[in-house]
Amino acid sequence: MSVTPFRLPVVASLRKEAIEELLARGLRIDGVRDPFTPRNVRVELGVVEKAEGSALVKLGNTQVMAGVKMDVGAPFRDTPDQGVLTVHAEFVPLASPLFEPGPPDENAIELARVVDRSLREVGAVDLGQLVIRPGDKVWVVWIDLYILDHDGNLFDASMLAAMAALLDARMPYYEEIETGDVIVDHGVKTEEKLPIRHRVVTVTVAKIGRNLAVDPNFEEESVSDVRLVYALDESGRIVGIQKSGEGALKREEVLRALEMAKRAAPVYFKALEEALTPAGPGASG
Amino acid sequence: MKVEGVKLIREDGLRHDGRRPEDLRPIRMEVGVLSNADGSALVEFGRTRVLAAVYGPREPPQKFMLLPDRAILRVRYHMAPFSTSDRKSPAPSRREIELSKVIREALEPIVLTKQFPRTAIDVFIEVLQADGGTRTTGVTAASLALADAGIPMKALVGGVAVGKVEGVLVLDIDEVEDSMGEADMPVAGAPDLGLITLLQLNGVMTEEEFQKALDMAWDAIRRIVDMEKEVLRWKYNVGGDSK
Numbered sequence: 001m002s003v004t005p006f007r008l009p010v011v012a013s014l015r016k017e018a019i020e021e022l023l024a025r026g027l028r029i030d031g032v033r034d035p036f037t038p039r040n041v042r043v044e045l046g047v048v049e050k051a052e053g054s055a056l057v058k059l060g061n062t063q064v065m066a067g068v069k070m071d072v073g074a075p076f077r078d079t080p081d082q083g084v085l086t087v088h089a090e091f092v093p094l095a096s097p098l099f100e101p102g103p104p105d106e107n108a109i110e111l112a113r114v115v116d117r118s119l120r121e122v123g124a125v126d127l128g129q130l131v132i133r134p135g136d137k138v139w140v141v142w143i144d145l146y147i148l149d150h151d152g153n154l155f156d157a158s159m160l161a162a163m164a165a166l167l168d169a170r171m172p173y174y175e176e177i178e179t180g181d182v183i184v185d186h187g188v189k190t191e192e193k194l195p196i197r198h199r200v201v202t203v204t205v206a207k208i209g210r211n212l213a214v215d216p217n218f219e220e221e222s223v224s225d226v227r228l229v230y231a232l233d234e235s236g237r238i239v240g241i242q243k244s245g246e247g248a249l250k251r252e253e254v255l256r257a258l259e260m261a262k263r264a265a266p267v268y269f270k271a272l273e274e275a276l277t278p279a280g281p282g283a284s285g
Numbered sequence: 286m287k288v289e290g291v292k293l294i295r296e297d298g299l300r301h302d303g304r305r306p307e308d309l310r311p312i313r314m315e316v317g318v319l320s321n322a323d324g325s326a327l328v329e330f331g332r333t334r335v336l337a338a339v340y341g342p343r344e345p346p347q348k349f350m351l352l353p354d355r356a357i358l359r360v361r362y363h364m365a366p367f368s369t370s371d372r373k374s375p376a377p378s379r380r381e382i383e384l385s386k387v388i389r390e391a392l393e394p395i396v397l398t399k400q401f402p403r404t405a406i407d408v409f410i411e412v413l414q415a416d417g418g419t420r421t422t423g424v425t426a427a428s429l430a431l432a433d434a435g436i437p438m439k440a441l442v443g444g445v446a447v448g449k450v451e452g453v454l455v456l457d458i459d460e461v462e463d464s465m466g467e468a469d470m471p472v473a474g475a476p477d478l479g480l481i482t483l484l485q486l487n488g489v490m491t492e493e494e495f496q497k498a499l500d501m502a503w504d505a506i507r508r509i510v511d512m513e514k515e516v517l518r519w520k521y522n523v524g525g526d527s528k
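Each protein sequence line maps, in turn, to chains A and B.
The first sequence: position 133 = 133 (this note's numbering), numbered continuously.
The second sequence: position 108 = 393 (this note's numbering), numbered continuously.
What the hints contain is simulated information worked out from the structure, not anything from laboratory work.
Ideal Cβ placement from N, Cα and C applies to all residues, glycine included.
If a hint is listed, it holds; no wrong ones were tucked in.
These stretches of chain A come out as covered by chain B in the derived footprint (C-beta under 8 Å, 3 or more residues):
| # | stretch |
| --- | --- |
| 1 | 1 to 8 |
| 2 | 237 to 248 |
Capping the alpha-carbon separation at 27 Å, the derived lysine-lysine pairs in DSSO-like fashion look like this:
| # | chain 1 | residue 1 | chain 2 | residue 2 |
| --- | --- | --- | --- | --- |
| 3 | A | Lys69 | A | Lys189 |
| 4 | B | Lys348 | B | Lys399 |
| 5 | A | Lys250 | B | Lys497 |
| 6 | B | Lys514 | B | Lys439 |
| 7 | A | Lys69 | A | Lys50 |
| 8 | B | Lys399 | A | Lys16 |
| 9 | A | Lys137 | A | Lys69 |
| 10 | B | Lys439 | B | Lys399 |
| 11 | B | Lys497 | A | Lys262 |
| 12 | B | Lys497 | B | Lys292 |
| 13 | A | Lys250 | A | Lys16 |
| 14 | B | Lys439 | A | Lys16 |
| 15 | A | Lys250 | B | Lys399 |
| 16 | A | Lys250 | B | Lys439 |
| 17 | A | Lys137 | B | Lys373 |
| 18 | B | Lys514 | A | Lys250 |
| 19 | A | Lys262 | A | Lys250 |
Working from the sequences, and respecting the hints, build out all of it.
Shown next as structure tokens:
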């Protein structure tokens with residue numbers, strides 16, 4: 001059951017007015033950026049050696065870590081010739097006074113499912129290549145999103161972390177033995193990468209007062225009642241959408257938000273590319 | 286569900302069930318179908334059949350579960366175990382948890398919750414048969430059930446999903462089109478306010494396709510909300526049994 005949040009952060013109405021008035025003039029509460037520009041974003045790869053792939057994303061003060069683990073398992077009955085991709089999100093209690101220990105709540109589930117769909121629907125990972133024996137043994141790819149510090153816009157940071165960890169991943173060593181079983185040695189990484197066909201980012205646009213802004217920080221999110229998350233691939237196709245929050249949007253706002261998302265997406269793609277380029281500022285060690 | 290050998294768009298341009306791309310399925314709406322609930326509705330889009338009930342405004346089950354300046358909404362979207370081809374476990378799935386949130390957020394903008402501080406308004410949605418479009422049918426049923434319960438609302442909401450199959454945008458997709466198609470875009474909103482209250486896209490669309498899909502959905506939602514109004518008028522003005 002989904003319940004109207006009744007334990008909300010209290011934002012002083014003066015602060016709310018300040019955020020709205022700044023935005024009406026094309027300015028933001030957190031300093032020098034306009035409504036179209038995300039905060040500083042940095043992607044670091046290979047932050048957890050024991051994971052097959054990992055990444056840490058810092059988007060302003062928001063920090064999300066993603067780990068990719070792989071194992072051999074059975075395919076789903078209706079897709080015997082495809083590997084399995086699973087996304088899971090943990091809102092770790094150390095990340096925010098609002099997070100409580102316990103099983104994932106509706107926000108964590110929504111986040112994981114939006115990231116999952118954005119990767120799945122466009123075929124970002126070629127699951128057809130992750131088959132060892134059709135109908136019997138396939139690779140299962142787990143993406144675990146770990147929210148470490150919540151300063152707003154968990155969608156974009158999480159999507160970026162998931163994508164980066166997938167690009168960072170190397171298949172573990174495995175071999176088929178006589179019994180037909182497959183043994184995986186997670187201690188030994190091969191050079192083989194995951195078959196990534198598309199890069200995907202999400203851009204979140206928040207409606208604050210009467211105006212729209214990309215990449216809301218926590219304070220902006222607290223005074224915004226609706227957000228639109230656009231998942232885009234590198235060619236600008238829309239590969240997922242999620243309206244989130246208690247408010248509503250006019251048609252014109254939905255389309256204007258799309259234009260803003262398309263304009264901001266290259267910032268995230270660039271951060272991803274920089275992390276992947278050897279000797280770049282975020283290159284894996 | 287995978288159905289092999291089904292052509293989603295036939296050679297004559299019609300869909301697998303004979304509809305044109307812009308056609309809705311046959312729709313049936315009925316209000317006041319349950320005796321205990323304060324308001325209720327049964328809505329069918331083709332073989333998709335969804336029951337919604339509203340209780341409240343009433344005291345929240347736990348005292349701490351309240352807001353001093355408005356009512357809280359509690360919404361549950363749930364599928365009956367027999368509603369699908371393979372039995373669905375009655376335990377709430379991650380999908381149902383997400384959809385409960387998305388549906389609650391589709392209703393929040395239109396319910397005048399400020400009129401009932403410190404109370405809870407409960408909306409329970411049960412999918413009796415799932416054949417595509419269950420969340421948008423759920424929003425439509427919830428809108429009718431809220432109205433039937435006499436809960437003040439800014440406007441009625443309705444919902445429908447637009448899909449893309451074999452490159453063609455099609456209105457009100459059923460399960461076959463959803464599972465074999467390239468995109469599923471559920472939309473809900475209040476046409477009288479010009480507000481979109483639910484929007485998701487599972488799949489891939491170009492910007493042009495997205496705009497066209499949004500317009501198709503919006504035009505259909507107008508018609509769906511008009512039907513809601515007609516059903517409510519019939520129930521409360523013209524010869525309907527009073528509750």
